[in-house]
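From just these sequences and the hints, can you work out the full model?
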Amino acid sequence: MSLHIELGATLEQAFPDALDGPIEQKQDVMIVRLSNGVTLDVRYAAPDAYSLRWRHGEAESGIDTAPLHRGLATFPNHFHDAAGRVVADPVTQPGAAPEANLAQLIRALLDDPTLGSRVAP
Amino acid sequence: MPEFFESIDFELATAIEELARLSYELRENRNAILAAHDVADEAALLARIEAGEADEHPTYEYYLAARILADTRDAARAALAESLQEANRT
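Line by line, the protein sequences are chains A and B.
Each residue of the first sequence is one higher than the one before, starting from 1 at the first, in my numbering.
Each residue of the second sequence is one higher than the one before, starting from 1001 at the first, in my numbering.
Hints in this document: simulated from the structure, not taken from any laboratory.
As the structure is a computational prediction, the values presented were derived from the model and not from experiment.
You may find that some hints are simply not true.
As the list claims (entries may be wrong) - Simulated restraints on C-beta separations: (1) A97(A) / L1084(B): 31 to 41 Å; (2) F1010(B) / A59(A): 29 to 39 Å; (3) A1032(B) / A9(A): 27 to 37 Å; (4) A103(A) / Q1085(B): 34 to 44 Å; (5) E1086(B) / S117(A): 32 to 42 Å; (6) R118(A) / Q1085(B): 27 to 37 Å; (7) R107(A) / E1086(B): 26 to 36 Å; (8) E1082(B) / D17(A): 15 to 25 Å; (9) E12(A) / N1088(B): 53 to 63 Å; (10) N1088(B) / S117(A): 55 to 65 Å; (11) R33(A) / R1021(B): 20 to 30 Å; (12) A97(A) / E1050(B): 19 to 29 Å; (13) G95(A) / E1053(B): 20 to 30 Å.
As the list claims (entries may be wrong) - Per the computed footprint, the stretches of chain B lying under chain A, defined by three or more beta-carbons under 8 Å from a beta-carbon of chain A, are: (14) 1006–1020; (15) 1023–1033; (16) 1068–1074.
As the list claims (entries may be wrong) - Negatives, chain A to chain B, calculated, CB over 10 Å: (17) A14; (18) P22; (19) E24; (20) D28; (21) R43; (22) A45; (23) A49; (24) V87; (25) P90; (26) P94; (27) G95; (28) L110; (29) D112.
Don't be surprised by glycine CBs; every beta carbon is placed ideally from N, CA and C.
Given below as structure tokens:
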């Protein structure tokens, strides 16, 4: 019925061992819990309009396409890191298939929940 | 309306009722987001973010949520129309 339903089914099939329970579907957000303690909130309205925000312990981070940070190399998509900085998005590409972007992000979060190793200090 | 439901089987009637309720909830939830930000539609909400009149977050998440609710409602209404067509054939 919606993009989130299709995305959830794809992710559950692609990451059977990396999810901590079934993906939770609400009317406007999909919640993905990973086995390493990351909780990811997915709002995907279109391939070029999304917000992916996650929590790991006390740390909160996110990638989104709000068209505000024109100075960044990846405008409009950008990364709000756990320290509160706004930097270029090291993972997703607007326009790419949503399932590909999400799979890439989940693999990156399983490897490094803050994505700290993917951005300059 | 009661007569309409008497002529169709239970499963189809239940599906129609659930889709109608879902469509209503989706519309109301989208309207609540837009009303809370005093805008008429999603484009106006995004414009407020771009103009710096609203915080980037969580307003951008509300903008996306409104779009998702609208798209899902369209899908629910299409499914409802299909179910009603099926009911009218029985």
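Taking the hints in turn, this is what the structure says about them:
1. Roughly 33 Å separates the CB atoms of A97(A) and L1084(B), a value that falls within the hinted 31 to 41 Å.
2. Separated by about 50 Å at the C-beta atoms, F1010(B) and A59(A) break the suggested range of 29 to 39 Å.
3. A beta carbon spacing of about 28 Å between A1032(B) and A9(A) agrees with the range 27 to 37 Å that was offered as a hint.
4. With their beta carbons about 37 Å apart, A103(A) and Q1085(B) fall inside the hinted range of 34 to 44 Å.
5. Against the hinted window of 32 to 42 Å, the Cβ-Cβ separation of E1086(B) and S117(A) comes to about 54 Å, which falls outside the hint.
6. Range check, R118(A) to Q1085(B): about 51 Å between beta-carbon atoms, so the 27 to 37 Å window is missed.
7. For R107(A) and E1086(B), the Cβ-Cβ distance of about 42 Å falls outside the hinted range of 26 to 36 Å, so the restraint is violated.
8. For the hinted restraint 15 to 25 Å between E1082(B) and D17(A), the CB-CB distance of approximately 37 Å leaves it violated.
9. For the hinted restraint 53 to 63 Å between E12(A) and N1088(B), the CB-CB distance of approximately 36 Å leaves it violated.
10. Between N1088(B) and S117(A) the C-beta distance comes to about 59 Å, which sits within the given range of 55 to 65 Å.
11. Between R33(A) and R1021(B) the beta carbons are some 28 Å apart, a value that agrees with the proposed interval 20 to 30 Å.
12. Range check, A97(A) to E1050(B): Cβ separation about 26 Å, and the 19 to 29 Å hint holds.
13. For G95(A) and E1053(B), the Cβ-Cβ distance of about 28 Å falls inside the hinted range of 20 to 30 Å, so the restraint holds.
14. Counting residues of the stretch 1006–1020 of chain B whose beta-carbon sits less than 8 Å from any beta-carbon of chain A gives 0, not enough to reach three: the coverage restraint is violated.
15. Coverage of the stretch 1023–1033 of chain B by chain A holds in this model, with 3 residues showing a Cβ closer than 8 Å to a Cβ of that chain against a need of three.
16. With 4 residues having a Cβ less than 8 Å from any Cβ of chain A, the stretch 1068–1074 of chain B passes the three-residue criterion, so the hint holds.
17. Against the 10 Å criterion, A14(A) stays outside the reach of chain B, whose nearest CB is about 22 Å from its own CB.
18. Distance check for P22(A) against chain B: the nearest CB is about 19 Å away, which clears 10 Å, and the non-interface claim stands.
19. A cut-off of 10 Å between C-beta atoms confirms that E24(A) is not in contact with chain B; the least separation is 15 Å.
20. Non-interface status of D28(A) relative to chain B is broken: a Cβ of that chain comes within 10 Å, the nearest being about 4 Å off.
21. Taking the minimum C-beta to C-beta distance to chain B, about 4 Å, the non-interface status of R43(A) is violated against the 10 Å cut.
22. Annotated as non-interface, A45(A) brings its C-beta within 10 Å of a C-beta of chain B; the closest such distance is 4 Å.
23. For A49(A), the non-interface assignment is contradicted: its Cβ lies about 6 Å from the closest Cβ of chain B, within the 10 Å cut-off.
24. With 10 Å as the threshold on Cβ separation, the claim that V87(A) sits away from chain B holds: the shortest Cβ distance comes to roughly 14 Å.
25. Taking the minimum C-beta to C-beta distance to chain B, about 19 Å, the non-interface status of P90(A) holds against the 10 Å cut.
26. With a least beta-carbon separation of about 13 Å from chain B, P94(A) lies farther than 10 Å from that chain, consistent with its non-interface assignment.
27. With a minimum CB-CB distance of about 16 Å to chain B, G95(A) clears the 10 Å threshold, and the non-interface call stands.
28. Chain B leaves L110(A) outside its interface by the beta-carbon criterion, the shortest separation being 24 Å against a cut-off of 10 Å.
29. D112(A), annotated as away from the interface, keeps every beta carbon of chain B farther than 10 Å; the closest lies near 22 Å.
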